[in-house]
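J.: Protein chains in written order, with our numbering: chain S, 1 to 523; chain G, 1001 to 1523.
I should point out that these hints are in silico values taken from the structure, not numbers from a laboratory. Do not rely on the hints blindly, as some may be mistaken.
[Stated by the list, open to error] In the SDA-like style, the derived pairs of lysine to any residue whose C-alpha atoms are separated by at most 25 Å in a straight line are:
#1 K1135/G x E359/S
#2 K96/S x K1322/G
#3 K95/S x K1319/G
#4 K135/S x R1355/G
#5 K79/S x R58/S
#6 K96/S x Y84/S
#7 K135/S x L1028/G
#8 K79/S x D136/S
#9 K135/S x Q1111/G
#10 K1135/G x G110/S
#11 K1135/G x A462/S
#12 K135/S x K1322/G
#13 K1135/G x K135/S
#14 K1135/G x K319/S
#15 K135/S x N1330/G
#16 K1135/G x L32/S
#17 K79/S x V228/S
#18 K1135/G x A184/S
#19 K95/S x G110/S
#20 K1322/G x D1371/G
#21 K135/S x D1371/G
#22 K319/S x E359/S
#23 K1135/G x G1120/G
#24 K1135/G x G11/S
#25 K1135/G x I376/S
#26 K1135/G x G134/S
#27 K1095/G x L1028/G
#28 K135/S x G1134/G
#29 K135/S x K1096/G
#30 K1096/G x G134/S
#31 K319/S x G110/S
#32 K1135/G x P459/S
#33 K135/S x K1319/G
#34 K1322/G x R1355/G
#35 K1322/G x G134/S
[To be verified] Simulated DEER-style distance windows between Cβ atoms:
#36 R1063/G x K96/S: 48 to 54 Å
#37 R114/S x V1360/G: 34 to 40 Å
#38 K1135/G x E416/S: 36 to 42 Å
#39 E44/S x Q1438/G: 22 to 28 Å
#40 A375/S x K1135/G: 47 to 53 Å
Here a beta-carbon is modelled for each residue, glycine too, at the ideal position from N, C-alpha and C.
2 protein chains.
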Amino acid sequence: MSELLPNYAAGRWQTAGDAGTPLVDPVLGTELVRVSNTGLDLGEAFSFAREQGGAALRALTYRQRAALLGEVVKVLQAKRDAYYEIATANSGTTKKDSAVDIDGGIFTLGQYARWGDSLGDARVLLDGEPARLGKDPAFQSQHVLAPTRGVALFINAFNFPSWGLWEKAGPALLSGVPVIVKPATATAWLTQRMVADVVEAGILPAGALSVICGSSRGLMDQLQPFDVVSFTGSAETGAVIRSHPAVAERSVRCNIEADSLNSALLLPDAAPGTEAFDLLVAEVVREMTVKSGQKCTAIRRVFVPRAFYEAAADAISAKLRKTTVGNPRNDAVRMGSLVSREQLDAVRAGLAFLREQAEVLHDGGAQPLVDADPAIAACIGPTLLGARDPHAADRVHRFEVFGPASTLMPYDSLDEACALIRRGDGSLVSSVYGTDAQAIADAALALADSHGRVHAISPEVAALNTGHGNVMPMSLHGGPGRAGGGEELGGLRALNFYHRRCAVQASTAALGRLAANGTHPAR
Amino acid sequence: MSELLPNYAAGRWQTAGDAGTPLVDPVLGTELVRVSNTGLDLGEAFSFAREQGGAALRALTYRQRAALLGEVVKVLQAKRDAYYEIATANSGTTKKDSAVDIDGGIFTLGQYARWGDSLGDARVLLDGEPARLGKDPAFQSQHVLAPTRGVALFINAFNFPSWGLWEKAGPALLSGVPVIVKPATATAWLTQRMVADVVEAGILPAGALSVICGSSRGLMDQLQPFDVVSFTGSAETGAVIRSHPAVAERSVRCNIEADSLNSALLLPDAAPGTEAFDLLVAEVVREMTVKSGQKCTAIRRVFVPRAFYEAAADAISAKLRKTTVGNPRNDAVRMGSLVSREQLDAVRAGLAFLREQAEVLHDGGAQPLVDADPAIAACIGPTLLGARDPHAADRVHRFEVFGPASTLMPYDSLDEACALIRRGDGSLVSSVYGTDAQAIADAALALADSHGRVHAISPEVAALNTGHGNVMPMSLHGGPGRAGGGEELGGLRALNFYHRRCAVQASTAALGRLAANGTHPAR
């Protein structure tokens, strides 16, 4: 049997008493390690983090905590090679795809170290300026954001074992809030290893960072009113979390990032042959194939003017045909595997479900694999579907195939296109391709209320394009409705989730003393 | 039978088909009017508001919508006398107490009219400045707040039929979001009348403001992903709302303001005989008696240094003894009735429950009533309890008697006092009384994370004191944990709930075009 990974909780390594659940190489089918938290004292784990970790972190200033994040970055950077090895083995990703998770996570943490340093030696964030409560300026109201006196529980998704930890832990730790991370079992290894390296380096105070692998059973029961929980994953599990008594009755603050049907929109001026057209085609292909389409931000729906439908179908399909799929250890492979055979089955079933309402423009389902056994490897080529009547094809607006798949649709008017995009009932991101600045601004404004991010690419910024699906720490990550209603990142806005807003009504003299402990976060 | 009040929904007055539920004068016991929504087509009501009302409001700018609010203020001001008559009859409140609800609501709406005007003719709010996504300044991220494309459902509490409507409707309508209000049945009359007056004046676009009286059954089922719901009331109902599929599955944004165990804290320098001591005593008495203690912000727990316990008990009791209770139509009466006999029974039962862990310092339970029949009127005098061992008396930290009642407790150290206050598991407001600016700032900072508001009174601002329980629109209203986790008011911060934050990543040229439609809200 493979190694049973220990959990780090209550300030010590703890190994479960049972055999645990094996983690598997999705390309080779071999067992890698095992995880379990059976027998772990969750009550002790949470109260240790809340009391020891919280008190130690709150005793520091923002700048001091930012310096700790900077030290963590150094540790992670020094161990990158080991992380790439784990990612290849456990996630089946190519080196380029592993980088999105590993280097993306380290980059994001580094950003919070820098931004945190800019907050200086403050202990509370000032929210706006004092406001008079009457005509006399001697009695005023000053809003502050104070770090919450609880733990942050992260229940994370399988597709970003590194980035998913650090994009949340950066803002939490900077806020003075201890973290308990429960990685998705399928890829828990990388998360556990990164936490182990940070623990070994002795950077963070005891209780500041814990990792509990295996089942999530019982974790929510531990949450108390000043704790917060952040979940990334399916809408079904999100609904269970939101209905849990911790959230429903104890008002535990809850951030959910769930499946969404993200879209790309080609504006009418971006005809075939224009650079804007080519930019959309390249981005759709990239989004379909990066991490085998296993990104919550991936483009699932592509809207183009009806006259450009055939040209778009041809151009995207031509590029997809060149995508080599298989063992990521082979340098000829551009797209690795899905996370598991179960995920492969789900993708196949999902494609069959959508095909009942869509035509197949490019079928990657039977594509030969490079250096991988199709009976074992969780690999599948990319598939482009098409729905010439996007109003009738309701499934493509509500059902997500979490793999290398997308659906092309034609539109007749921009208003119609925006209405069709909104049929996703809220998404993480929509990207817009065109040349005219006013048309781009108008589309962004029309889509802003139903998306956490609108990504607009015109030829003059093509070289600067950070990518539709790439989550930059400067920009909000989250989305309304189906996307879960959460908000992450967005620069120092991310700290809001870990702080409580309070209006202090007091004499202007007392507010001056209060402000001496605070700082205004830059926006 | 009394008049059956019609509902205003889908742009027309609609009267239910059944007899409805009677509303009663809580002092005289007489029936006033009746309410029901039996047979109302809720689907039509919500889609009319969402589509007609939403589109019409979004077609206006913030300044134009603010002007509408200003017109509504004028209508309400012109009808004040009628509102006071309804309040006396239906809420049993003295004129002074009715003012808190009626004039407080109109004042708050007027503030949003003024603040909204300052936003100018914009259609979207800009959130911060553009941030570079790399070194090149040509591609940036600009966060915006865009009005949500849905309806705002308000499920309101009985104690503020006017203020509870307008403090929410002001920010919602200013944001371009149509409102459907479901007032608490016991006091629905005033809400219904105010909406009727506004409808008759023809100020707002069709679908912008609807009122549905009676049962809340089926209302939540109507909510779709871009809608929002705001609830004020019991924690039990709050939990039901938060667990409803609309919230749990469709991510409908939800704001809850629930019961909380608010506190007052006397600092060690505020000995008996000082002005700060007298300020606490006056405020506790005011909070216990205004609206017969039926305020979600009322002081339920009073913490004083152990050496001052007896003096505080004596001083508060002495003032309570002078409080005349009974029929608010009699000018000699300082405190009117509770909202109903059911509420009276609940207060009596709650007091009995707390008394098992507390001593009675002043018993108003048997106080003779002025001009009211104790067999009919829902009147009861104020009761001050005391718990000399506040650690053992767990009930006073978690069980709220929603009436003229409070519990005095001694503390030995400030850290202990703050820990005891936090045993409320999150409250709307805590007030602090003392003279030293630094001590006040320190206490405010210690209490900020577990409260939506800290209200600090020192002698030099005594004359400017806006009141512990008085909710000023400039300051946040809400609180973590037991208080429901919501955020209302706080100046233009209130608009956040009705807007969706979105990061627009685009060329700096396109962001410039976008910004031409927007404005930065002042903080």
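J.: Checking one constraint from the list: CA of K319/S to CA of E359/S, max 25 Å. Satisfied?
T.: holds (18 Å)
J.: Run the distance test for K1096/G versus G134/S: straight-line Cα separation, threshold 25 Å.
T.: Distance of about 20 Å is within 25 Å: holds.
J.: Given the hint that K135/S pairs with R1355/G, test it: the Cα-Cα distance must not exceed 25 Å.
T.: violated (44 Å)
J.: For the pair we were handed, K135/S and L1028/G, check the Cα-Cα distance against 25 Å.
T.: Violated, at about 41 Å.
J.: Do the alpha carbons of K1135/G and G134/S lie within 25 Å of each other, as the hint requires?
T.: violated (46 Å)
J.: Could you see if the CB distance from R1063/G to K96/S stays within 48 to 54 Å?
T.: 50 Å Cβ-Cβ, so the 48 to 54 Å window holds.
J.: Taking 36 to 42 Å as the stated bounds, is the beta-carbon spacing between K1135/G and E416/S within them?
T.: Check passed, 39 Å falls within 36 to 42 Å.
J.: Below or equal to 25 Å on CA atoms is what counts here, so check K79/S against D136/S.
T.: Between K79/S and D136/S the Cα gap is close to 59 Å, so the pair fails against 25 Å, i.e. violated.
J.: For a C-alpha distance cap of 25 Å, please report whether K135/S and K1319/G respect it.
T.: Outside the cut-off at roughly 30 Å; violated.
J.: Please verify whether K79/S and R58/S have alpha carbons no more than 25 Å apart.
T.: Given pair K79/S, R58/S is violated - Cα atoms ~29 Å apart, limit 25 Å.
J.: Could you grab the alpha-carbon distance between K135/S and Q1111/G and see if it respects the 25 Å cut-off?
T.: OK: K135/S and Q1111/G at ~14 Å, within 25 Å.
J.: Hinted pair, alpha-carbon criterion (25 Å max): K1135/G, G11/S. Please report holds or violated.
T.: violated (41 Å)
Against the hints set out earlier in the document, violations occur for numbers 1, 2, 3, 4, 5, 7, 8, 12, 13, 14, 15, 16, 17, 18, 21, 23, 24, 25, 26, 28, 31, 33, 35, 37, 39.
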